[in-house]
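> One letter stands for each residue in the lines below.
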Amino acid sequence: MIKFLFKGIIRDKSRSILPIVVISLGVSLTIVLSGFLSGAMTDMVDQNARFETGHVKVMSRAYAENKEQLPNDLALLGVDSLISYLRSNYPDLQWVERIRFGGLLDAPDADGESKGQGPAAGIAINLLDASSGEVERMNIERAIVSGALPDYANEALIGDEFAKKLKLNIGDEVTYFGTTMNGSMTFQNFTISGTIRFGIAAMDKGAILLDISAARQMLDMQNGAGEILGFFHNGVYNDKAALAMENSFNNQLKSNPDEYAPQMFTLRSQNNLGDLLDYANSMSAIFVLIFVGAMSVVLWNTGLIGGLRRYQEFGIRLALGESKGKIYRSLVMEATLIGMIGSLIGTGIGLVGAFYLQNYGINIAGMVDNSSMMMPTVMRAKVTPNLYYIGFIPGVFAMVFGNMLSGIGIYKRETASLFNELEV
Amino acid sequence: MENIISLSHVTKKFEVGDGYFTALNDVSLTFKSGEFAGFVGPSGSGKTTLLNIIGSLDSPTDGKAIVMGKDIAKLSHKASANLRNLHIGFIFQVFNLLPVYTVFENVEFALLLQDVPKETRKKEVMEALEWVGLEKMAHKRPDKLSGGEGQRVAIARAMVKKPKILLADEPTANLDSANAHAILKTMKNLNKELGTTFLFSTHDEKVMTYLDRTVSLKDGKVVSDVWDNQSIQS
Numbered sequence: 013m014i015k016f017l018f019k020g021i022i023r024d025k026s027r028s029i030l031p032i033v034v035i036s037l038g039v040s041l042t043i044v045l046s047g048f049l050s051g052a053m054t055d056m057v058d059q060n061a062r063f064e065t066g067h068v069k070v071m072s073r074a075y076a077e078n079k080e081q082l083p084n085d086l087a088l089l090g091v092d093s094l095i096s097y098l099r100s101n102y103p104d105l106q107w108v109e110r111i112r113f114g115g116l117l118d119a120p121d122a123d124g125e126s127k128g129q130g131p132a133a134g135i136a137i138n139l140l141d142a143s144s145g146e147v148e149r150m151n152i153e154r155a156i157v158s159g160a161l162p163d164y165a166n167e168a169l170i171g172d173e174f175a176k177k178l179k180l181n182i183g184d185e186v187t188y189f190g191t192t193m194n195g196s197m198t199f200q201n202f203t204i205s206g207t208i209r210f211g212i213a214a215m216d217k218g219a220i221l222l223d224i225s226a227a228r229q230m231l232d233m234q235n236g237a238g239e240i241l242g243f244f245h246n247g248v249y250n251d252k253a254a255l256a257m258e259n260s261f262n263n264q265l266k267s268n269p270d271e272y273a274p275q276m277f278t279l280r281s282q283n284n285l286g287d288l289l290d291y292a293n294s295m296s297a298i299f300v301l302i303f304v305g306a307m308s309v310v311l312w313n314t315g316l317i318g319g320l321r322r323y324q325e326f327g328i329r330l331a332l333g334e335s336k337g338k339i340y341r342s343l344v345m346e347a348t349l350i351g352m353i354g355s356l357i358g359t360g361i362g363l364v365g366a367f368y369l370q371n372y373g374i375n376i377a378g379m380v381d382n383s384s385m386m387m388p389t390v391m392r393a394k395v396t397p398n399l400y401y402i403g404f405i406p407g408v409f410a411m412v413f414g415n416m417l418s419g420i421g422i423y424k425r426e427t428a429s430l431f432n433e434l435e436v
Numbered sequence: 024m025e026n027i028i029s030l031s032h033v034t035k036k037f038e039v040g041d042g043y044f045t046a047l048n049d050v051s052l053t054f055k056s057g058e059f060a061g062f063v064g065p066s067g068s069g070k071t072t073l074l075n076i077i078g079s080l081d082s083p084t085d086g087k088a089i090v091m092g093k094d095i096a097k098l099s100h101k102a103s104a105n106l107r108n109l110h111i112g113f114i115f116q117v118f119n120l121l122p123v124y125t126v127f128e129n130v131e132f133a134l135l136l137q138d139v140p141k142e143t144r145k146k147e148v149m150e151a152l153e154w155v156g157l158e159k160m161a162h163k164r165p166d167k168l169s170g171g172e173g174q175r176v177a178i179a180r181a182m183v184k185k186p187k188i189l190l191a192d193e194p195t196a197n198l199d200s201a202n203a204h205a206i207l208k209t210m211k212n213l214n215k216e217l218g219t220t221f222l223f224s225t226h227d228e229k230v231m232t233y234l235d236r237t238v239s240l241k242d243g244k245v246v247s248d249v250w251d252n253q254s255i256q257s
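Line order of the protein sequences matches chains A and B. Read in order, the letters of the first sequence correspond to residues 13 to 436 in our numbering. Read in order, the letters of the second sequence correspond to residues 24 to 257 in our numbering.
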């Protein structure tokens, strides 16, 4: 019987084309949108993790409370022993120290007069220590627009837009003006070794990247760091493990009243990233629900129109002795076949679209030009295993559900009028 | 010979507005296996209602209709569908073939409903097409057939399951004289060969000349029941 129904679907194009088109469209849209949303959210979270939050972050309690102000006067000291402790107790993560600081960058001309100045957002990382993995983690080599990585502690990388604004070239000197962790004024000259573009508007416009040893000396933070970041070795954030680690670490220091005592934070608990992760998950579910709802209504109506068109056929089948239940079941079977064909086509198209967006992305640089949010300027989709079924199952379900609703009409058919109906 | 159909004081009323329209009024008839009979009468005389009841598509308001030993009024929807599936064939005025399927598949459909195995189906479908002389048209679609050929496919579809009863409502109404005679001869042959009971509803005098028994209806009542093609009594 299935073979017989399949022949009918293939030969009667009007029975199958419209539903297949509707399902393919819905399934492919669901896949592309889900993939894009998942990619965009993952990129944002990943971007935040790599540049700001880590998978977990350790700060002093006082620093954490005011971290938006980059309060290096509240930074952690005795970092070497704390890092050793973290490495031995939480070996699943790679631990690195960072210092974030703000100040003014001055570019002098040939006469030593200021030719340009601008506020700088500084990040000090282990630039010169390859084993820290920081250069790879922040993708610095790929982000270099001109010049090269610093070879010495007195060299710095600077945002490409920032360099253009200050009319700086590779090899030029700049002077940093700021305050040490003790509040006294500090000046330091650096040579520009390269310019960088991360594709993050907030950083490209005013970033300066230094080796942490230079920053420690400049900010008078020997053996200190504003933050210690932990990254899982596989590079993937594991919320459950991070949370367990956070609880274990913080519980040990629970009774310590010192406001400079270290405190651990998971990625989820920083920068509202938890809400973002939840939002991404719920949006995917909402997409699927909207898709199933809308497609079911469309396919219900398609089924009703199809049912009217096949009124005579159902009449003949009733007269030949097929029960209403059997006709209804055959309709559901047909819907399943059509739903599977449409969903397969839609999944194929959707995956091609998602792969395309994963490789090429959508450039939103113009939209985030003035944004201070840590978000990529090219939004990309992410093809994950769930995309292979996220549209397929709802596609089949919507088709079957829509046809089940429309097929109920079969049960209202009066067999007593069959002769009259079939002889028109 | 045993009665295959037994109608006893069958009355069928339909609600019309506040009142009733009586389509059949106290009809009592019996048909034996292998009869070649027909209901004649003007429009509204109750011919189609009678076929509906015998075909278990409808049930009487009063009286008893026993078909193949089953009381039609007491059959569930599923049981009446099963009765039609196994024992009753239908031929309509318009041929009502399924347009997306070939001649072979249209005939095969009746056997698919009975879950007949594939090899047996193939053999029986070809046999049925031979009865109506269309074995060479097996793979054509209905839209490629003439009117006469279409009705012969409908006969093959109705007969392939070798039903005990075949109900034909105005089967020659859409055919020219030559095709009508060819169809009627085919049906008459099948009636003799297979012993199927044929019941017609017709206005067509050509059909009447082939009938062994003619039941004349008027206003829902039997006005005559004539055997061996004698003239109809009023």
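In short, the hints are calculated from the structure, not lab data. Quick reminder that beta carbons are idealized off the backbone N, C-alpha and C, glycines included. Keep in mind that a hint or two might mislead.
[As the list claims (entries may be wrong)] List of simulated lysine to aspartate or glutamate pairs, DMTMM-like, C-alpha gap at most 25 Å: (1) 424/A with 41/B; (2) 211/B with 24/A; (3) 187/B with 24/A; (4) 336/A with 25/B; (5) 394/A with 227/B; (6) 25/A with 41/B; (7) 424/A with 150/B; (8) 185/B with 325/A; (9) 15/A with 150/B; (10) 338/A with 138/B; (11) 336/A with 150/B; (12) 36/B with 426/A; (13) 15/A with 138/B; (14) 97/B with 24/A; (15) 19/A with 41/B; (16) 145/B with 24/A; (17) 338/A with 158/B; (18) 159/B with 24/A; (19) 19/A with 94/B; (20) 15/A with 147/B; (21) 338/A with 193/B; (22) 101/B with 55/A; (23) 338/A with 41/B; (24) 145/B with 325/A; (25) 93/B with 426/A; (26) 141/B with 426/A; (27) 167/B with 426/A; (28) 36/B with 325/A; (29) 19/A with 228/B; (30) 167/B with 138/B; (31) 163/B with 426/A.
[Unchecked claim] Partial selection, computed: residues in chain B whose CB lies under 7 Å from chain A: (32) 134; (33) 135; (34) 136.
> State for each hint whether it applies.
Okay, the hints, checked on the actual structure:
Between residue 424/A and residue 41/B, the direct Cα distance comes to roughly 23 Å. Compliance with the 25 Å bound is thereby established for this hinted pair. Note on residue 211/B and residue 24/A: the hinted pairing is violated, with a Cα-Cα distance of about 36 Å set against a maximum of 25 Å. Our distance criterion of 25 Å between C-alpha atoms is broken by residue 187/B and residue 24/A, whose separation comes to about 34 Å. Between residue 336/A and residue 25/B, the direct Cα distance comes to roughly 32 Å. Violation of the 25 Å bound is thereby established for this hinted pair.
For the hint pairing residue 394/A with residue 227/B, the CA-to-CA distance comes to about 73 Å; that exceeds 25 Å, so the pair is violated. With a CA separation close to 46 Å, the supplied pair residue 25/A and residue 41/B exceeds the 25 Å bound. Distance hint between residue 424/A and residue 150/B is unfulfilled; the C-alpha atoms sit about 37 Å from each other, more than 25 Å. Taking the CA atoms of residue 185/B and residue 325/A, the gap is about 22 Å. The hint holds against a cut of 25 Å.
Taken as a hint, the residue 15/A and residue 150/B pair is honoured in the structure, with Cα atoms around 22 Å apart against an allowance of 25 Å. Pair hint residue 338/A plus residue 138/B holds up; C-alpha atoms about 13 Å apart against a cutoff of 25 Å. In summary, the hint linking residue 336/A to residue 150/B is not supported, as the alpha carbons are separated by about 29 Å, beyond the 25 Å threshold. Annotation: proposed proximity of residue 36/B to residue 426/A holds, straight-line Cα distance about 16 Å (limit 25 Å).
For a cut-off of 25 Å, the pair hint linking residue 15/A to residue 138/B stands: about 13 Å separates their Cα positions. Restraint check for residue 97/B and residue 24/A: the C-alpha separation of about 39 Å exceeds 25 Å, so the hint is violated. Annotation: proposed proximity of residue 19/A to residue 41/B is violated, straight-line Cα distance about 48 Å (limit 25 Å). Our distance criterion of 25 Å between C-alpha atoms is met by residue 145/B and residue 24/A, whose separation comes to about 23 Å.
At most 25 Å may separate the alpha-carbon atoms for a hinted pair to count; residue 338/A and residue 158/B exceed this at roughly 30 Å. Taking the CA atoms of residue 159/B and residue 24/A, the gap is about 24 Å. The hint holds against a cut of 25 Å. The suggested pairing of residue 19/A with residue 94/B is violated, with an alpha-carbon distance near 38 Å, which exceeds 25 Å. For the proposed pair residue 15/A and residue 147/B, the alpha carbon gap of about 19 Å is at most 25 Å, so the pair holds.
As the CA atoms of residue 338/A and residue 193/B are separated by approximately 29 Å, the hinted pair breaks the 25 Å bound. For the given pair, residue 101/B sits about 59 Å from residue 55/A by alpha-carbon distance, which is inconsistent with the 25 Å threshold. Proposed proximity of residue 338/A and residue 41/B is contradicted: the alpha carbons are some 36 Å apart, above 25 Å. Distance check on the hinted pair: residue 145/B and residue 325/A sit about 23 Å apart at the alpha-carbon level, within 25 Å; holds.
Using a Cα cut-off of 25 Å, the hinted pair residue 93/B and residue 426/A holds, with the two alpha carbons roughly 21 Å apart. About 32 Å separates the Cα atoms of residue 141/B and residue 426/A, which puts this hinted pair outside 25 Å; it is violated. Restraint check for residue 167/B and residue 426/A: the C-alpha separation of about 32 Å exceeds 25 Å, so the hint is violated. For the hint linking residue 36/B to residue 325/A, the alpha-carbon distance of about 28 Å lies beyond 25 Å, and the restraint is violated.
Pair hint residue 19/A plus residue 228/B does not hold up; C-alpha atoms about 41 Å apart against a cutoff of 25 Å. At roughly 28 Å between alpha-carbon atoms, residue 167/B and residue 138/B are farther apart than 25 Å, so this suggested pair is violated. The straight-line distance between the Cα atoms of residue 163/B and residue 426/A is roughly 32 Å, outside the 25 Å bound, and the hint therefore fails. Taken as an interface hint, residue 134/B does not check out: its beta carbon lies about 10 Å from the nearest beta carbon of chain A, beyond 7 Å.
The closest approach between the C-beta of residue 135/B and any C-beta of chain A is roughly 6 Å, which is under the 7 Å cut-off, so the hint is satisfied. Among the interface hints, the one on residue 136/B holds; its C-beta lies about 5 Å from the nearest C-beta in chain A, closer than the 7 Å criterion.
Going through the hint list in order, the structure does not satisfy hints 2, 3, 4, 5, 6, 7, 11, 14, 15, 17, 19, 21, 22, 23, 26, 27, 28, 29, 30, 31, 32.
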